[in-house]
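Work out the full structure, taking the sequences as your base and the hints as a guide.
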Amino acid sequence: MSLTILQVIASAERRGAETFGVALGGALGHLGHQVETVAVEPGGAPVLDVELLGAERMRPDGLRRLRSKMRRADVVIAHGSTALPATAIAGLGCSTPVIYRQISDPTTWTATRLRRARVRIYLHEMDHVVALTDRTKSIVAERFGFRPADITVVPNGADADRFIPASPATRKAAREHLDLGPDDFVVAWVGALSAEKQPLLALRAIANLEGARLLMAGSGPLSDVVATEAPGGSILLGSVADPLEVYHAADVVLLTSRTESLPAVLIEAGLCGVPVVASDVGDVSSIVQHEKTGLLVTPDVAAMTSALEQLRDDPDRRLRLGEAARKEMVGQFSLSVVARRWESVASTVAAGQPR
Numbered sequence: 001m002s003l004t005i006l007q008v009i010a011s012a013e014r015r016g017a018e019t020f021g022v023a024l025g026g027a028l029g030h031l032g033h034q035v036e037t038v039a040v041e042p043g044g045a046p047v048l049d050v051e052l053l054g055a056e057r058m059r060p061d062g063l064r065r066l067r068s069k070m071r072r073a074d075v076v077i078a079h080g081s082t083a084l085p086a087t088a089i090a091g092l093g094c095s096t097p098v099i100y101r102q103i104s105d106p107t108t109w110t111a112t113r114l115r116r117a118r119v120r121i122y123l124h125e126m127d128h129v130v131a132l133t134d135r136t137k138s139i140v141a142e143r144f145g146f147r148p149a150d151i152t153v154v155p156n157g158a159d160a161d162r163f164i165p166a167s168p169a170t171r172k173a174a175r176e177h178l179d180l181g182p183d184d185f186v187v188a189w190v191g192a193l194s195a196e197k198q199p200l201l202a203l204r205a206i207a208n209l210e211g212a213r214l215l216m217a218g219s220g221p222l223s224d225v226v227a228t229e230a231p232g233g234s235i236l237l238g239s240v241a242d243p244l245e246v247y248h249a250a251d252v253v254l255l256t257s258r259t260e261s262l263p264a265v266l267i268e269a270g271l272c273g274v275p276v277v278a279s280d281v282g283d284v285s286s287i288v289q290h291e292k293t294g295l296l297v298t299p300d301v302a303a304m305t306s307a308l309e310q311l312r313d314d315p316d317r318r319l320r321l322g323e324a325a326r327k328e329m330v331g332q333f334s335l336s337v338v339a340r341r342w343e344s345v346a347s348t349v350a351a352g353q354p355r
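Residue numbers (the numbering used here): 1 to 355.
One or more hints might be untrue.
Derived CB-CB ranges, DEER-like [as the list claims (entries may be wrong)]:
1) G32 x D161: 17 to 25 angstroms
2) L319 x D127: 44 to 52 angstroms
3) N208 x D150: 44 to 52 angstroms
4) R340 x N208: 41 to 49 angstroms
5) P42 x K292: 37 to 45 angstroms
6) R116 x S167: 42 to 50 angstroms
7) T108 x P182: 37 to 45 angstroms
8) A55 x G211: 43 to 51 angstroms
9) G29 x T107: 33 to 41 angstroms
10) A117 x K327: 40 to 48 angstroms
11) P42 x G211: 38 to 46 angstroms
12) K327 x L92: 43 to 51 angstroms
13) P182 x D161: 23 to 31 angstroms
Here are the simulated DSSO-like pairs of lysine-lysine, each with C-alpha atoms no more than 27 angstroms apart in a straight line [said to hold, decoys possible]:
14) K327 x K137
15) K172 x K327
16) K292 x K327
Because the hints were derived from the structure by calculation, they are not lab data. Treat the numbers as computed from the prediction; the structure is a model and nothing was measured. Think of the CB as a built atom: it goes at the ideal place given N, C-alpha and C, for glycine as much as any other residue.
Written out as structure tokens, the structure reads:
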């Protein structure tokens, strides 16, 4: 049965959760459903092609528009913490069921008692929760008093037909376009330049690594500090509309976060056949299998530098890890697989059936 689905994302900014929401909407559309995606607030550039509910979050006019759209949908999917209160408030008294997608590590996101209490109130206005991993499901159930039967695990995903390994020609073209040499050892870093992502850790790890060049894509509150402290030879791209060229130019993708759930950057890198060195935090080990598809390390300079050094000196190992990563990602995290699971959840919730 075809569904009319309304998706609510935090902003029109091209960030991980928002980009996934738009991609999921497209995939569900290909499965025959009518999908509209709206953003709670504008965010920064570059922007996604979605309708904005308002110039600022939680404005009465924006909430009224959201409520009107919710009434016309069979089911609503709210992605992330900003979309949660908006849909909870706009949907009061509305019969359309709402699915909330928990995108971050709740142990970090709701660290204070006040925030936990507020989130608990909003969550109990939701009809169903989708968690990215079994660990997150357990935390949400215990911390917020949600029945495990009302939580379904569906992982993050990316388009396996778009994120593909670089051919020699596309690798050469990507490096030339980004002013990288054919023999440079390129470490890519993709994400928001924010405290929890620890971009300064990436700078320090690279500074200690002879012959490495850092290719960093992202913007955020630490942009000025990163620009000041970046080691010589680094290329700082700022926000990019599409990270595919970055992956195609890279030998390794580095993730330095101090907290994570199921980061899309690791899925995208794996689909592109690029091995990763990643912080062993949150649910990262659900994506990266240590010594099989990448390397998991503690988020400190010495461990990061050592892991990067190992991969710099062993191209054959990089190739093996990248090939294994591509195989694992296609089987578990490709968007086509994930969209089918979302279709099942949405259909069941829209029909009012218990899972």
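To see whether the hints hold, each was checked on the structure:
{"no.": "1", "hint": "G32 x D161: 17 to 25 angstroms", "in the structure": "19 angstroms, holds"}
{"no.": "2", "hint": "L319 x D127: 44 to 52 angstroms", "in the structure": "46 angstroms, holds"}
{"no.": "3", "hint": "N208 x D150: 44 to 52 angstroms", "in the structure": "48 angstroms, holds"}
{"no.": "4", "hint": "R340 x N208: 41 to 49 angstroms", "in the structure": "44 angstroms, holds"}
{"no.": "5", "hint": "P42 x K292: 37 to 45 angstroms", "in the structure": "41 angstroms, holds"}
{"no.": "6", "hint": "R116 x S167: 42 to 50 angstroms", "in the structure": "49 angstroms, holds"}
{"no.": "7", "hint": "T108 x P182: 37 to 45 angstroms", "in the structure": "40 angstroms, holds"}
{"no.": "8", "hint": "A55 x G211: 43 to 51 angstroms", "in the structure": "48 angstroms, holds"}
{"no.": "9", "hint": "G29 x T107: 33 to 41 angstroms", "in the structure": "34 angstroms, holds"}
{"no.": "10", "hint": "A117 x K327: 40 to 48 angstroms", "in the structure": "44 angstroms, holds"}
{"no.": "11", "hint": "P42 x G211: 38 to 46 angstroms", "in the structure": "41 angstroms, holds"}
{"no.": "12", "hint": "K327 x L92: 43 to 51 angstroms", "in the structure": "46 angstroms, holds"}
{"no.": "13", "hint": "P182 x D161: 23 to 31 angstroms", "in the structure": "27 angstroms, holds"}
{"no.": "14", "hint": "K327 x K137", "in the structure": "26 angstroms, holds"}
{"no.": "15", "hint": "K172 x K327", "in the structure": "24 angstroms, holds"}
{"no.": "16", "hint": "K292 x K327", "in the structure": "11 angstroms, holds"}
Hint check: no violations occur; every hint is consistent with the structure.
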